[in-house]
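Novice: Line by line, the protein sequences give chains A and B. Here the first sequence stands for residues 1 to 410, where the numbers follow the numbering used here. Here the second sequence stands for residues 1 to 310, where the numbers follow the numbering used here.
Just so you know, the hints here were simulated from the structure itself, not pulled from any lab data. Errors might be hidden in some of the hints.
[What the hints assert, rightly or not] The calculated DSSO-like cross-link candidates involving lysine-lysine, where the alpha carbons are at most 30 Å apart (straight line), are:
{"no.": "1", "chain 1": "A", "residue 1": "Lys152", "chain 2": "A", "residue 2": "Lys232"}
{"no.": "2", "chain 1": "A", "residue 1": "Lys232", "chain 2": "B", "residue 2": "Lys270"}
{"no.": "3", "chain 1": "A", "residue 1": "Lys216", "chain 2": "B", "residue 2": "Lys270"}
{"no.": "4", "chain 1": "A", "residue 1": "Lys232", "chain 2": "B", "residue 2": "Lys118"}
{"no.": "5", "chain 1": "A", "residue 1": "Lys54", "chain 2": "A", "residue 2": "Lys31"}
{"no.": "6", "chain 1": "B", "residue 1": "Lys250", "chain 2": "A", "residue 2": "Lys260"}
{"no.": "7", "chain 1": "B", "residue 1": "Lys118", "chain 2": "A", "residue 2": "Lys393"}
{"no.": "8", "chain 1": "B", "residue 1": "Lys152", "chain 2": "A", "residue 2": "Lys260"}
{"no.": "9", "chain 1": "A", "residue 1": "Lys176", "chain 2": "B", "residue 2": "Lys152"}
{"no.": "10", "chain 1": "A", "residue 1": "Lys277", "chain 2": "B", "residue 2": "Lys118"}
{"no.": "11", "chain 1": "A", "residue 1": "Lys353", "chain 2": "A", "residue 2": "Lys260"}
{"no.": "12", "chain 1": "A", "residue 1": "Lys232", "chain 2": "B", "residue 2": "Lys250"}
{"no.": "13", "chain 1": "A", "residue 1": "Lys260", "chain 2": "A", "residue 2": "Lys131"}
{"no.": "14", "chain 1": "A", "residue 1": "Lys82", "chain 2": "A", "residue 2": "Lys152"}
{"no.": "15", "chain 1": "B", "residue 1": "Lys152", "chain 2": "A", "residue 2": "Lys82"}
{"no.": "16", "chain 1": "A", "residue 1": "Lys152", "chain 2": "A", "residue 2": "Lys277"}
{"no.": "17", "chain 1": "A", "residue 1": "Lys353", "chain 2": "A", "residue 2": "Lys165"}
{"no.": "18", "chain 1": "A", "residue 1": "Lys176", "chain 2": "A", "residue 2": "Lys277"}
{"no.": "19", "chain 1": "A", "residue 1": "Lys165", "chain 2": "A", "residue 2": "Lys44"}
{"no.": "20", "chain 1": "B", "residue 1": "Lys270", "chain 2": "A", "residue 2": "Lys277"}
{"no.": "21", "chain 1": "B", "residue 1": "Lys152", "chain 2": "A", "residue 2": "Lys152"}
{"no.": "22", "chain 1": "A", "residue 1": "Lys44", "chain 2": "A", "residue 2": "Lys277"}
{"no.": "23", "chain 1": "A", "residue 1": "Lys176", "chain 2": "A", "residue 2": "Lys260"}
{"no.": "24", "chain 1": "A", "residue 1": "Lys131", "chain 2": "A", "residue 2": "Lys176"}
{"no.": "25", "chain 1": "B", "residue 1": "Lys270", "chain 2": "B", "residue 2": "Lys250"}
{"no.": "26", "chain 1": "B", "residue 1": "Lys152", "chain 2": "B", "residue 2": "Lys250"}
{"no.": "27", "chain 1": "A", "residue 1": "Lys54", "chain 2": "A", "residue 2": "Lys165"}
{"no.": "28", "chain 1": "A", "residue 1": "Lys232", "chain 2": "A", "residue 2": "Lys44"}
{"no.": "29", "chain 1": "B", "residue 1": "Lys250", "chain 2": "A", "residue 2": "Lys393"}
{"no.": "30", "chain 1": "A", "residue 1": "Lys344", "chain 2": "A", "residue 2": "Lys44"}
{"no.": "31", "chain 1": "A", "residue 1": "Lys131", "chain 2": "A", "residue 2": "Lys152"}
{"no.": "32", "chain 1": "A", "residue 1": "Lys216", "chain 2": "A", "residue 2": "Lys393"}
{"no.": "33", "chain 1": "A", "residue 1": "Lys344", "chain 2": "A", "residue 2": "Lys54"}
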Amino acid sequence: MRRVIKAAAVATVAALGLAACGSESGGEGGKTELDLLVPIYSDKTKPYWENLVKAFQEENSDIQVNLEVQSWDNIYTVLDNKIQNQAAPDILELDAAGPAYGSEDLLYEAEEIVSPETLADIEPTFIDSAKIDGVAYGLPTVASTRALFYNKDLLTQAGVTAPPKTWDELMAAARKISDLGGGVHGYGMPLGSEEAQAETSIFAYGAGASWESDGKMTIDTPEAREALTFMKEMIDAGVTQPDPGATDRTPLLDVFIQGKIGMIQGLPPIVGQINEKNPDLNWDIAPSPTPDGEPSTLGVADYFVGFDKGEEKQEAISKFLDFFYQQDNYLEFNENEGFIPATKSGAEAAADKPELQVFLETLPDAKFYPATNPAWGATSGAFKDLVGQIQSKPVDDVLAQIQAKADAPA
Amino acid sequence: MTAPTTARRSRNQALRRRARRQTTLHALPWLAPALILIGGVVLFPVGYMIYTSFRDLTRFGTDRGWAGWENYERVLDLGHLPRVLVNTGVWVVGVVALSIGFGLVLAQFLNKRFPGRKILRMVVIVPWAASVVMTSTIFVYGLDPFYGIINKFLVDVGILDAPFGFLKSPLPGFLSAMAVAVFVSVPFTTFVLLAGLQTVPHDVLEAAQIDGANRTQTYWRVVFPMLRGALAVATIINVINVFNNLPILKTMTGAIPGYDADTTTSLMFKIIQSDRQIDTASALSVLNFVVVVVVIGIYLRVVRPMRQED
Chain A
1 MRRVIKAAAV ATVAALGLAA CGSESGGEGG KTELDLLVPI YSDKTKPYWE NLVKAFQEEN
61 SDIQVNLEVQ SWDNIYTVLD NKIQNQAAPD ILELDAAGPA YGSEDLLYEA EEIVSPETLA
121 DIEPTFIDSA KIDGVAYGLP TVASTRALFY NKDLLTQAGV TAPPKTWDEL MAAARKISDL
181 GGGVHGYGMP LGSEEAQAET SIFAYGAGAS WESDGKMTID TPEAREALTF MKEMIDAGVT
241 QPDPGATDRT PLLDVFIQGK IGMIQGLPPI VGQINEKNPD LNWDIAPSPT PDGEPSTLGV
301 ADYFVGFDKG EEKQEAISKF LDFFYQQDNY LEFNENEGFI PATKSGAEAA ADKPELQVFL
361 ETLPDAKFYP ATNPAWGATS GAFKDLVGQI QSKPVDDVLA QIQAKADAPA
Chain B
1 MTAPTTARRS RNQALRRRAR RQTTLHALPW LAPALILIGG VVLFPVGYMI YTSFRDLTRF
61 GTDRGWAGWE NYERVLDLGH LPRVLVNTGV WVVGVVALSI GFGLVLAQFL NKRFPGRKIL
121 RMVVIVPWAA SVVMTSTIFV YGLDPFYGII NKFLVDVGIL DAPFGFLKSP LPGFLSAMAV
181 AVFVSVPFTT FVLLAGLQTV PHDVLEAAQI DGANRTQTYW RVVFPMLRGA LAVATIINVI
241 NVFNNLPILK TMTGAIPGYD ADTTTSLMFK IIQSDRQIDT ASALSVLNFV VVVVVIGIYL
301 RVVRPMRQED
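Please construct the entire structure, taking both the sequences and the accompanying hints into account.
Specialist: Printed below as a string of C-alpha cells:
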C-alpha cells in the first residue's frame, strides 16, 4: 500500500511538470556517469549491486556507475526529491510505477536501453503488462506469480490424494481438511487490508475477470461476481480460517508455516521463509486452482527504466543493463531474492530448481494488476478496505461499492 | 480653562499611545520567535487545511481550482457517516470518562504514603512512555486467535471455550481498541490529577476533620472541588488526544473490512490512503476540527471547570 501511495506522490511531482530536466553533464575525463537507484529486497541486495557495479566498471573503464540503494519505504520519497531537483537517476528499478513515468515523457523506450538480443530473451508477458499506450518502457527485473502452497501431511491425513486443480476440488479438499479438527483449517484466505486485492485477483483472474477495459476500471462484472460468490461459499461452508475478512496475509502465512492450515496462495520468497522458520514442514506447491482447471494466476513484476534527460546516455545504459541480464549475473540476483527470472534463458536455467518449477510454469498465464492506470491506486485501496465484507454482506453490494470507489472522480 | 486642559490631555494621550506603540515595537524582537512558531506550526497549517478543503485536488495532488462546498458535500453524502459519528462519540466519551475514572482512583492511591510508592509511580508511567503503535501491536499479537497469548490464557483459565477473534469483527475490535486507548491514557490522567491532589492544603483537610466530616464527605465536599482545575486540564487534553487518535485504531482494527469500526479520524486516513481523495479528507478534517472546538467550548461553558472556588 505504502508503495502505491508513494508512487502516486512521485507521479504527482512528475505531473507537476518537469519539462526541463537539468543536464548534469558527463563527468570528468571523458567518463560517462550513470546514476543507478535500486530498492532493497533483502540483506543480499546491496552487496550484490556493489559487486556487480565493480565488475562492470572493470570491463568498461569509460563508464562510472554511481550506485544508490534505498529501502522500499524510502525510495519513492527519494525519487520524488531527485525528480523535483532535476536529478533523476539514469537507471531506476521500481515496481510498475516506474514504467508509468513513460506517460510523462520522462523515459527512454525499453528497446533504446537494451540490446535486441537481451530484449528478445525477456518473457513478453512482463513487458506487455507494463506498456503505456502500447509502448514498452520497463524491463522486468524480478517476477513473481502466485501458486498454491499445501501441507502434504494434512492433505494425506484428510484423504486428499492430489492438490486441487479446480474450484470444486479446492472446496472438497478444504472441507476434508477442516473436518480433521484440532485447530486445523482447510484453506487460508487473507482478505484483511494488508493485501486483499491479491487474494481477490487470484480468484477473479481465474474466473476470467479483468480489472480494466479501455482505460476504465471494470470491477462489478459477471466474472468477478462468480469469483467472489465462490469465495463467499468457501467462507460460509467454514472451510477457511475464521474471519477471513479481517485476516492479514503475513500473520496467516505464519499459521500455515506452523502447520495449521491446509492450503494457501503464496509468492516464491515464501519458500525461503518456510525453510528458515519451520524446515520440518512437509509442503509442496501446485498451480492456483481455477473454475475449470485452466491455468491462470496473478503476476507481479518490478522493472528497470531509463530516464531520458537529454544526455544521450542510451549506449552506456544499454551496456550496463546487458551486463545485468547476462545469465550468471541475472540468475544470481534472482536466486538471492528468491524470485523467478523474467528471461526465457533464466527460466530455463532455473527450471532444475524443483521449488521454482510451479511458479515458472504459471508464468506465461499470469495476469497483472492494471498498475499503470491512474485509477488503480484508489481501486486497490477500495479492495483492501471493502472486499472482506463479503463475509457478511451480499457479493453484489460489495462489488458495487468497490466499483463506485474506482469510478470516483479524482 | 477647559480648552487648554483638553489640549493637554489629548497631547498626553497621544504621548502615552506613542509610548505604548514603541514598547510594543521594542518587544517585538523578543516576541518574534514565539509568534513565528505559533504562526508556522499552528495558524498556517490550520489555514492551509481550510484552504485545501475548498480546492479540487487530483489524486496526485495537482490543484484543479476552486471546488466550493463540493468536498463537504461528498463527506456528508457518505453512507457510513452516521455510524462513524456514533462510533466517534462512543470512542471519545467512553475512553475519556474511563480514563478519568481510573485516573482518579489511581491518583488517590499513589497520593498515599506506602513503601515502594516511588517505584510504583514510575511503573505507572510505562504505558504512557511506550510508543502507542508498539503497545497496540503487542495487543494485536496477544489477541490473535491462532497464537495470541491473551487468547491462550483466557482459554486455559476457562473463561473462553475456544480462542476468540477479538480483532476480527467490528464490535469486539472497537471495544478492544477502546480498552487499549484507556490503558495508554490513564498514566497521563493520573499524573495530572496527582499533581492536583498535592495542591490540596493540609490545613483544609485538618479543618474538615475538626468539623467532623467523614472520609466520603471530605473527598466529595473538600478534595474533589479543589481538583476542578486538574480535571479540566485532564479532560480537555484527553478529549483532543483521544479524538485525534489514529495509531490504536489503525493497528488494531485496520484489517477489519468496511467502516463499522472507524472514527472520523481513522475514516479520514482511509479517505487519504485508500480513496486517494486529499480534498475530501481535508473537508472531513475541518469538520473534525470544528467538532473538537465545539465540544471543548460546551465543556467549558457547562462544567465551568476554571471557576475558582473560594
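Novice: Now, for every hint given, state plainly whether the structure supports it.
Specialist: Each hint, compared with the structure:
Between A/Lys152 and A/Lys232 the alpha-carbon distance is near 25 Å, which keeps this suggested pair within the 30 Å criterion. This hinted pair checks out: A/Lys232 and B/Lys270 have alpha carbons roughly 25 Å apart, not beyond 30 Å. Restraint check for A/Lys216 and B/Lys270: satisfied, since their Cα atoms lie roughly 23 Å apart, inside the 30 Å limit. Pair hint A/Lys232 plus B/Lys118 does not hold up; C-alpha atoms about 56 Å apart against a cutoff of 30 Å.
At most 30 Å may separate the alpha-carbon atoms for a hinted pair to count; A/Lys54 and A/Lys31 meet this at roughly 15 Å. For the hint pairing B/Lys250 with A/Lys260, the CA-to-CA distance comes to about 27 Å; that is within 30 Å, so the pair holds. About 53 Å separates the Cα atoms of B/Lys118 and A/Lys393, which puts this hinted pair outside 30 Å; it is violated. With a C-alpha separation of about 16 Å, the suggested pair B/Lys152 and A/Lys260 falls inside the 30 Å cut-off, and the hint holds.
Note on A/Lys176 and B/Lys152: the hinted pairing holds, with a Cα-Cα distance of about 26 Å set against a maximum of 30 Å. With a C-alpha separation of about 43 Å, the suggested pair A/Lys277 and B/Lys118 falls outside the 30 Å cut-off, and the hint is violated. A distance of roughly 27 Å separates the Cα atoms of A/Lys353 and A/Lys260; the hinted pair therefore holds under the 30 Å criterion. For the hint pairing A/Lys232 with B/Lys250, the CA-to-CA distance comes to about 26 Å; that is within 30 Å, so the pair holds.
About 41 Å separates the Cα atoms of A/Lys260 and A/Lys131, which puts this hinted pair outside 30 Å; it is violated. Between A/Lys82 and A/Lys152 the alpha-carbon distance is near 49 Å, which puts this suggested pair outside the 30 Å criterion. At most 30 Å may separate the alpha-carbon atoms for a hinted pair to count; B/Lys152 and A/Lys82 exceed this at roughly 50 Å. For the proposed pair A/Lys152 and A/Lys277, the alpha carbon gap of about 17 Å is at most 30 Å, so the pair holds.
The hinted pair formed by A/Lys353 and A/Lys165 meets the criterion: a straight-line CA distance of about 22 Å does not exceed 30 Å. Distance hint between A/Lys176 and A/Lys277 is fulfilled; the C-alpha atoms sit about 27 Å from each other, no more than 30 Å. A distance of roughly 35 Å separates the Cα atoms of A/Lys165 and A/Lys44; the hinted pair therefore is violated under the 30 Å criterion. Taken as a hint, the B/Lys270 and A/Lys277 pair is broken in the structure, with Cα atoms around 34 Å apart against an allowance of 30 Å.
A distance of roughly 27 Å separates the Cα atoms of B/Lys152 and A/Lys152; the hinted pair therefore holds under the 30 Å criterion. A hinted pair counts as satisfied when its Cα atoms are at most 30 Å apart, and A/Lys44 with A/Lys277 qualifies at roughly 19 Å. For the proposed pair A/Lys176 and A/Lys260, the alpha carbon gap of about 14 Å is at most 30 Å, so the pair holds. The hinted pair formed by A/Lys131 and A/Lys176 fails the criterion: a straight-line CA distance of about 44 Å is larger than 30 Å.
Taking the CA atoms of B/Lys270 and B/Lys250, the gap is about 9 Å. The hint holds against a cut of 30 Å. Of the supplied pair hints, the one linking B/Lys152 and B/Lys250 holds, its CA atoms being roughly 24 Å apart against a limit of 30 Å. Distance restraint check for A/Lys54 and A/Lys165: the Cα-Cα separation of roughly 47 Å exceeds the 30 Å cut-off, and the hinted pair is therefore not satisfied. Annotation: proposed proximity of A/Lys232 to A/Lys44 is violated, straight-line Cα distance about 41 Å (limit 30 Å).
Using a Cα cut-off of 30 Å, the hinted pair B/Lys250 and A/Lys393 holds, with the two alpha carbons roughly 23 Å apart. At most 30 Å may separate the alpha-carbon atoms for a hinted pair to count; A/Lys344 and A/Lys44 meet this at roughly 24 Å. The straight-line distance between the Cα atoms of A/Lys131 and A/Lys152 is roughly 40 Å, outside the 30 Å bound, and the hint therefore fails. For the given pair, A/Lys216 sits about 26 Å from A/Lys393 by alpha-carbon distance, which is consistent with the 30 Å threshold.
For the hint pairing A/Lys344 with A/Lys54, the CA-to-CA distance comes to about 26 Å; that is within 30 Å, so the pair holds.
In summary, the structure is inconsistent with hints 4, 7, 10, 13, 14, 15, 19, 20, 24, 27, 28, 31 from the numbered list given earlier, while agreeing with the others.
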